[in-house]
Amino acid sequence: MKFDLLRLIDILGTISFAVSGVFAAMQKKLDLFGILVIAFITAVGGGTLRDMLLGDLPVGWMRNLVYPVLIVTATVVTILFKKIVGNFQATLLVFDSLGLGFFTVIGLQKGIAFELHPGICVALGTITGCFGGVIRDISLGTIPLIFQKEIYASASILGGIVYFLLRLIPIPADMVEVIVIAIIFFARTVAVHFKMSLPSIY
Amino acid sequence: MKFDLLRLIDILGTISFAVSGVFAAMQKKLDLFGILVIAFITAVGGGTLRDMLLGDLPVGWMRNLVYPVLIVTATVVTILFKKIVGNFQATLLVFDSLGLGFFTVIGLQKGIAFELHPGICVALGTITGCFGGVIRDISLGTIPLIFQKEIYASASILGGIVYFLLRLIPIPADMVEVIVIAIIFFARTVAVHFKMSLPSIY
Amino acid sequence: MKFDLLRLIDILGTISFAVSGVFAAMQKKLDLFGILVIAFITAVGGGTLRDMLLGDLPVGWMRNLVYPVLIVTATVVTILFKKIVGNFQATLLVFDSLGLGFFTVIGLQKGIAFELHPGICVALGTITGCFGGVIRDISLGTIPLIFQKEIYASASILGGIVYFLLRLIPIPADMVEVIVIAIIFFARTVAVHFKMSLPSIY
Numbered sequence: 000m001k002f003d004l005l006r007l008i009d010i011l012g013t014i015s016f017a018v019s020g021v022f023a024a025m026q027k028k029l030d031l032f033g034i035l036v037i038a039f040i041t042a043v044g045g046g047t048l049r050d051m052l053l054g055d056l057p058v059g060w061m062r063n064l065v066y067p068v069l070i071v072t073a074t075v076v077t078i079l080f081k082k083i084v085g086n087f088q089a090t091l092l093v094f095d096s097l098g099l100g101f102f103t104v105i106g107l108q109k110g111i112a113f114e115l116h117p118g119i120c121v122a123l124g125t126i127t128g129c130f131g132g133v134i135r136d137i138s139l140g141t142i143p144l145i146f147q148k149e150i151y152a153s154a155s156i157l158g159g160i161v162y163f164l165l166r167l168i169p170i171p172a173d174m175v176e177v178i179v180i181a182i183i184f185f186a187r188t189v190a191v192h193f194k195m196s197l198p199s200i201y
Numbered sequence: 000m001k002f003d004l005l006r007l008i009d010i011l012g013t014i015s016f017a018v019s020g021v022f023a024a025m026q027k028k029l030d031l032f033g034i035l036v037i038a039f040i041t042a043v044g045g046g047t048l049r050d051m052l053l054g055d056l057p058v059g060w061m062r063n064l065v066y067p068v069l070i071v072t073a074t075v076v077t078i079l080f081k082k083i084v085g086n087f088q089a090t091l092l093v094f095d096s097l098g099l100g101f102f103t104v105i106g107l108q109k110g111i112a113f114e115l116h117p118g119i120c121v122a123l124g125t126i127t128g129c130f131g132g133v134i135r136d137i138s139l140g141t142i143p144l145i146f147q148k149e150i151y152a153s154a155s156i157l158g159g160i161v162y163f164l165l166r167l168i169p170i171p172a173d174m175v176e177v178i179v180i181a182i183i184f185f186a187r188t189v190a191v192h193f194k195m196s197l198p199s200i201y
Numbered sequence: 000m001k002f003d004l005l006r007l008i009d010i011l012g013t014i015s016f017a018v019s020g021v022f023a024a025m026q027k028k029l030d031l032f033g034i035l036v037i038a039f040i041t042a043v044g045g046g047t048l049r050d051m052l053l054g055d056l057p058v059g060w061m062r063n064l065v066y067p068v069l070i071v072t073a074t075v076v077t078i079l080f081k082k083i084v085g086n087f088q089a090t091l092l093v094f095d096s097l098g099l100g101f102f103t104v105i106g107l108q109k110g111i112a113f114e115l116h117p118g119i120c121v122a123l124g125t126i127t128g129c130f131g132g133v134i135r136d137i138s139l140g141t142i143p144l145i146f147q148k149e150i151y152a153s154a155s156i157l158g159g160i161v162y163f164l165l166r167l168i169p170i171p172a173d174m175v176e177v178i179v180i181a182i183i184f185f186a187r188t189v190a191v192h193f194k195m196s197l198p199s200i201y
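Protein chains in written order, with numbering that gives the first Met the number 0: chain A, 0 to 201; chain B, 0 to 201; chain C, 0 to 201.
Next up, chain A with everything else stripped away, as it sits in the complex:
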């Protein structure tokens, strides 16, 4: 049951990330191939960078075809039905925020599996959750959005810190994961709703 829930979040998150890539690429008037590459980068870029930094190679999506199939399908469907999909922006935000939480937890767990320091694990969680969007923006010639104003990485970092705090308490690992995903989801959606951003330093 719990496995199924996480699996569903993973799938929905991957789809949402890919769809966000498709829309970003269409804004820049890319052609079909360009859109597909940007959808890929957005969906698996964070995990790919993480695995390249860790040396866990070949990268995951080459060994698990579920991701390429999901991304290609999401790309084709979004292009064919762009108006309909565009109407689901609010729904996509929900999936995207769930995906952010899920990918962050995956990154945290991978860091732990490599026996790295909690601070590095938090960085790996953030890279997994956020750097697909960063590489997408750089590829499209713009300064990454999350470097500028959005509460996005911050939600991921917060989740990572809470993850390690909760591990100090004797509660089941499964529950920790679900709580952390919920916190990241909540932080992200509340921030979007209230248009919150990090305090300005300028």
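Errors might be hidden in some of the hints.
Pairs count within a copy or across copies, as identical chains cannot be separated in the list.
[Said to hold, decoys possible] Below, a list of computed lysine to any residue pairs in the SDA-like style, where the Cα atoms sit at most 25 Å apart:
1) K109 - T141
2) K148 - L197
3) K27 - G140
4) K81 - Y201
5) K148 - S199
Calculated directly from the structure, the hints in this document are not laboratory data.
Given chain A, put chains B and C in place with the hints provided.
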């Protein structure tokens, strides 16, 4: 004989890719060092990214000095004789298209050696053939050309698909390689000649 | 004693690189998270790329927490006291040039440890010393400064060549390192002082 032909295509392809990098860098008025780096990125960037994704490290050009020597030489010659080299644009397009075919086949074979799914092998062929230019464009602050309108990656993808179809028929592996390089070369040059691009989705 | 000197140069170089990243990020009005990422990229980006190309993974800063701690601290201090730190530009240039020399030597030594050709080792030294700044500039949407006019990479390449020439003479390895760092430092600061750049090819 056949080995020599492929070897020649590899060398001519590397030179053409490097020269295309030099011209792109000179358009942006880079200095000598910048031009050399961009020539390198264009010529070996695709294979380097592929090897970093696969974990086949250190990357090839660090272990096989033929490539660095070719690239440095091509860069110096192009800078010194830029007008003369510039007159050979049509010749370079031929080499570039041959190189695209050759590098695609190298990527396909590497994916097979890593026992990856045909779809992933096609992606690796495309990455090997096309992503040097992608990283070059991103480094120069522009949206990659092949994300926008050119039939370039499409030729590489087509070649990859044909490669796996031909492997179903009992013909020698050598011949499959030559046929695939020819198809990619043909698709690319015909597309350039007729200014073809992917069907617009806008 | 000598170890302590190199260690100090390493620490001061890392701090200077991080501070230069913070200032570049603040010029682009990034938020706190963006500034921190750019500081990280600038300070460890060159060594990270080198290790990803070599396959020496997980990358160094994940296993040695001194670097993340130095970078986060340098970032926070620079943001809090930006005017004061800004007054130390001349001091930072000194550290930055020392850091360039030190990181170059680290890259050279790593290439030798991997038994690579001297020419590749020189490239690895240059990547270690210079590509943090390159990735920083690309992430910020600008063409890398060192591709355009500064004598920066050239100092690193010069140091690398001198390193291998000096190894032909029977002098202690420690002394070679110190001489090379001094040469890179000298070449860089003299070039900045006299606003020197590579000869124009246009």
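We went through each hint and held it up to the structure:
Proximity of K109 and T141 under a CA criterion of 25 Å is satisfied in neither setting, with 30 Å inside one chain copy and 33 Å between copies. When the C-alpha separation of K148 and L197 is checked against a cutoff of 25 Å, the pair qualifies only within one copy, where the shortest distance is 7 Å, while the shortest distance between copies is 36 Å. For the homomeric pair K27 and G140, the shortest alpha-carbon distances inside one copy (10 Å) and between copies (14 Å) are both at most 25 Å. In this homomeric assembly, K81 and Y201 come within 25 Å of each other (Cα to Cα) only across copies, at 10 Å, whereas the closest approach inside a single copy is 39 Å.
Taking CA atoms no more than 25 Å apart as the test, K148 paired with S199 passes inside one copy only; the shortest distance there is 9 Å, against 33 Å between copies.
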